[in-house]
Structures are given as structure tokens and as C-alpha cells.
Amino acid sequence: MPSDLLLVLPLLLPLYGALLCLAFWQREQWQTILAGVFQVAWLVAGVLLLRRVLHLEVVSTQIGNWPAPFGITLAADVLSALILVTAGVIGLAVYLFSLQGLDITRRRFGYYPLLLLLQMGVSGVCLTGDLFNLYVWFELLLICCFALLSLGGTKGQLEGTFKYVTINFLASGLLLTGIGTMYSLYGSLNLAELALLVRQPEHPNLPLLSMVSVFFLTGFGIKAAIFPLFFWLPASYHTPPVAISAFIAGLLTKVGIYTLIRLFTLLFISDLGFMLPLMVVLAALTMLIGVVGAAAQTDFKKILSFHIISQIGYMLMGLAIYTPLALAGSVFFIVHNILVKTNLFLISGIVAQRYRTSSLKRLGGVYLQQPMLSVLFILSALSLAGTPPSSGFWGKLMLARAGLEAGQYVLVGVSLFVSIITLFSMTKIWNEVFWKPRPVSIRKGSLVTPVNPLRLWQLYLPVTMLLGVILLIGVYARPLVRLSERAAERLLHIEPYTNTVLPKKAAN
Amino acid sequence: METLLPLMVGTLFAVGLYFILHRHLFKVILGLILFGLATNLFLFVIGGLTRGGSAIISGEHEVAVEPYADPVPQALLLTAIVIGFGIQAFSIVLIRRVYMTFKSNNVDDLNKENEHH
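Protein sequences appear in the order of chains A and B. Quick note on the working numbering: the first sequence kicks off at 943 and runs consecutively. Quick note on the working numbering: the second sequence kicks off at 153 and runs consecutively.
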């Protein structure tokens, strides 16, 4: 298959899937089948792209065949393909979960097309080679996200979506301002060409470039929920049903971090002396605040939401240390965290569906009733906390080693401390939800929804599948570590990227 | 114009942000719209204000005749307007829905509702 097609497929498949689903609006069963087919196809397209990228390092294509700085460029390297494959895995898992885990009304009112369009946005952000298109894809992704968050229109959801829309609108405004300034500085928006222009020896307007980088740090910082811009996240992510929030919570903040990593290795490299120490501080505070916030919560989903923030800190830590090993650690951690976070959200969804609450005070005794679920939870939770030999451990090991090598002792200390608190937080969930006996007052009311075993297995299937992947990464970490190292190397040595996108300039 | 427009951009940003921070739901909508306008106008101004011909290359020339306005910021602006319009339309519908569900115009009431749960 030609590389051009491989690059376009992750965009086209979800689009066609969504359109076909819309064509069968009245027939929910058809929509379900179609969505399933396209979820699998999206994952396969991602895997094929990853295989090609491993072979060729960087692939790129020009939509409409206009030559590079003028046309619409799509480009992929190991990092973007890796994120796509991970997104494909959790897309499939969330789809499988939604078959039993989402009410029929929401599924009838456009859940599947919205999910597919959201995935198209994710592909676009990962594959685009143009700064303005990056913004456009992000907006596409966000508007689907708005619609999904408010789908169903309960009070909590409306409140959460309102906050989410407002803060994201602001963030998009900042990004657009940054993009405009970037264009006025260099007269180009193509990432590869900008990367060359930024690296020219006599650089005019350096302060202005630093200002632009702060625009981007703030804009994507809001989207990635970095300290002190994270307040919207715990206010909105726990509100929708889990089949919606698992995908959004698992993926979207990481896409923000992905973009930050991409831009700060490709474009904003001239003022790293100022930006990196700033990021070190931000990363440490993000980790700390997230985990401290989680300790204060008594709601299953809210605890998980706060942990998203603290995990974002680790990913930012890799970028802040800025060595090949640190960036590789970041990449590894992103992949690990997308999988684990989605899985924990799905588990919280199974619990919440059965007991109709996610408040720790009202839950209890799940261990006796659903031992299988308890095992699934404890393994995922240990992975999140990073006990060896789980996937989280390897990510943290890489980051900590890189930090020690770079002399960032305080940051490493904070990250290890936060790991312990994360473990504490997960133990809290384990004690309250699974281990302690069910509160007597609740037991009398007996709100347990009866479930037939087949339905339950359909809910367990995606969780087990994800856990399988997580455990595999944990016990057999070598391939993913290799991949992350290759991705990091590509980030720091951009010549293959610019040469592939702009072959003419390379020839001159 | 070169001095007037930046001032206008700044004012629009300030007013938009002020309204977004307001408690009243309708003013939040106004704020979102004004903030969107501010970014759009910023894009337009920062591309450089050029009076003169369009960037269309006529038959007898190889390249466009100077002076011409840079078409790229205009294209960006158009895209940004369309995207902004979509998001504003969505947020207006959303805020109407919030108003109808909570029977209140005040953002603070949204949080109160949540604490009762």
C-alpha cells in the first residue's frame, strides 16, 4: 500500500464511518455494526502506518499534490503513529464497552458518529504537518467532545460542558493568536519549513518567538490540564456516562501533551533556557496538586479525574528534562497512561452501573460480589501507581533515571513522592469500594441492579482486553521502550522530518 | 488604521474576557463572541494591512503585481470565522439549555446544584 494512502486512511475511515452511521440514523443496530467495523479498521490503519513508519522513519504526503510549503501536508513519525495505535486500542475498548455500558437513548442520538468524528480529529492532530491545520483539527476534536459531554443533557453534564466549552474557547483564542503571530514572523505555517526557519543562524525577533511559545504553552496547557490551568478538568470529566468520559479522559489531555512535545521540539527551541526551568516547576506542581486534590475526594470518578492531572505532570516532566531518555520516558508514559486511565474509568463505570453511585461512602463489598472485577481493578491501579513490574513502573523508571542524569533531583524526588501518594489513593479506592463491607443503611435499600452473566461478560471483555495490553507492556517492556526511544530520537533530530516534507530544500 | 486597529483588538480582548468572567449567562455568551471577534481581528491585522490589488495573477503576468494583500491571513481568518461561528452557535444552544434546566441566569447556581448531590 502506498504511504500516501496510509497517511490518509486514519482520517478518512472515521469520516466515512461517521457519515454512514448518520445515513442509518433511524436504525441503531446498523449504526452499532458499522461503528464496530470502522473502529477495527481505524486500529488496523494505525498499525499499518506504524509498521510503515518503523521502516521509513518519516512518511509524508501533500493533499491535492501542491508542493510542500503551500499545500496541506500530512506527515507521520514514530510518535504520531504510536499515539494513533494506542488511541485505536482504547477506541475499540470503549466501543465494546458502550454496547452494554451506554443507555439506548444516547446511542440512538449520535454517540457512534460523534465518537468516530472525535477519532478523526485525533488522527488529524497527530498527522498534520501544518500549524493552522493543527488548530482546525483540534477544533474539530473539541466540538465533538462538547457534543459528547453534553449528550443526554443531565444537569451535571450541562454544568460540566458549560465550563469545558468556555475554557476551551479561550484556549483556542490564545492558540489562534499565537498562530497569527507565527505567520507574521515567518510568513509560513508549514511545520517543516518553520522548523528550518527557526533554526537559521541569525534569528530576528527572538523575543517575539518566545512570546508565541508562551501562547502555545498556555493554550495547549489548558487543553492538557497543566498547573495552574487544570480547574476545568475535575469539574467536567466525571459528569457524563463512562462510555463517553473514558475515551475523552483517557485520550484528550494526552493529545494536548503530544502537541506540546511536538511543538517544543520542532519549533520553540530557541529559548529553551527560559522555558525548560519553567516547565520543570510546572511539571512538579501539576503532579503534586493533582495527587493532593485526589486525596481530598470521595468519589470514584473524581479521584480518577484528579489523577489525570497528576499523570500529566509526569509527561511534562519528560519534556522539561529534554534529554533523549526523558522524552522517551514521556512517550512511554503517554502510551501507558492512555491505556491505564481508560481502563480505570471503564471499571468505575461497571461499578457505578451496578450500584448506581460512584460515591466511596455508599459503595463497598464489591470484592465479595465481583471478585473478577476486583482483580481487574487492582492490577490496573498498581499499574497506574507504578509498582514493578507494571507498565507504569518502566515509564517512571525512565523518567527518574533521565532526571537524575540531568541533575533534576528535586523534580525526581517530587515524582517519586507523588507515586507513593498515588498508591495511597488507589488503596483508598480499593479499601472503600472493594474491601470494606457494604454500608448497612445502603444494603437495606438494595439498589443493586440485577445483571445477567452474559451482559456482565460483555462489560468485562474490553476491560480484560485493555488489561492484557497493559500487562504485556509491563512484563515485556522492551519493544515499547525501543519504540519510545526511536520516537524521542526523531523528535530531537529533525532532519529526516524536514527532508521528507520538503525534498526540494534538501536537494539545494 | 495601523494604530487604531491594534487598540481595537486590545479593547475587544479585554471586554470579551471581562464578560466571560461574568456570572450572568447571557454576558458569558457576549464575552465568547467578543473574544472570538478579537482573535479574528488580530489575525487580520497581524497579517499586515495592505491597500491595493488582489493576489490574483492576471494572464499577462508571471507573479502577482505589487502591492497586493497577502491572501493567507485572509484564508486563515475565513476558516477561523467559520469555526468560531460553529462553536458560538453550539455554546448559545448549550447556554439556553443550561438556563432552561437550571431555571437560573446565574453561573453560581450551577455549582450550588452540584453540591446538593
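Because the hints were derived from the structure by calculation, they are not lab data. Don't take every hint at face value.
Going by beta-carbon spacing under 8 Å, a handful of chain A positions derived as facing chain B [said to hold, decoys possible]:
1) F1074
2) L1118
3) S1126
Below, simulated DSS-like cross-link-like pairs (lysine-lysine); rule was C-alpha separation at most 27 Å, straight line [unchecked claim]:
4) A:K1105 - B:K255
5) B:K264 - A:K1097
6) B:K179 - A:K1105
7) B:K179 - B:K255
8) B:K264 - B:K179
9) B:K264 - A:K1303
10) A:K1303 - A:K1370
11) A:K1378 - A:K1303
12) A:K1097 - A:K1303
13) A:K1105 - B:K264
14) B:K255 - A:K1378
15) A:K1097 - B:K255
Covered stretches of chain A (in silico footprint by chain B; criterion: 3 or more residues with CB under 8 Å from a CB of chain B, positions within the stretch not fixed) [to be verified]:
16) 961–969
17) 1090–1102
Beta carbons are placed, not taken as given, at the ideal position from N, Cα and C, and that holds for glycine.
Going through the hints against the structure:
no.: 1; hint: F1074; result: 6 Å, holds
no.: 2; hint: L1118; result: 5 Å, holds
no.: 3; hint: S1126; result: 4 Å, holds
no.: 4; hint: A:K1105 - B:K255; result: 17 Å, holds
no.: 5; hint: B:K264 - A:K1097; result: 12 Å, holds
no.: 6; hint: B:K179 - A:K1105; result: 14 Å, holds
no.: 7; hint: B:K179 - B:K255; result: 16 Å, holds
no.: 8; hint: B:K264 - B:K179; result: 20 Å, holds
no.: 9; hint: B:K264 - A:K1303; result: 21 Å, holds
no.: 10; hint: A:K1303 - A:K1370; result: 11 Å, holds
no.: 11; hint: A:K1378 - A:K1303; result: 10 Å, holds
no.: 12; hint: A:K1097 - A:K1303; result: 22 Å, holds
no.: 13; hint: A:K1105 - B:K264; result: 14 Å, holds
no.: 14; hint: B:K255 - A:K1378; result: 40 Å, violated
no.: 15; hint: A:K1097 - B:K255; result: 11 Å, holds
no.: 16; hint: 961–969; result: violated (count 0)
no.: 17; hint: 1090–1102; result: holds (count 6)
The structure is inconsistent with the numbered hints 14, 16, although it conforms to all the rest.
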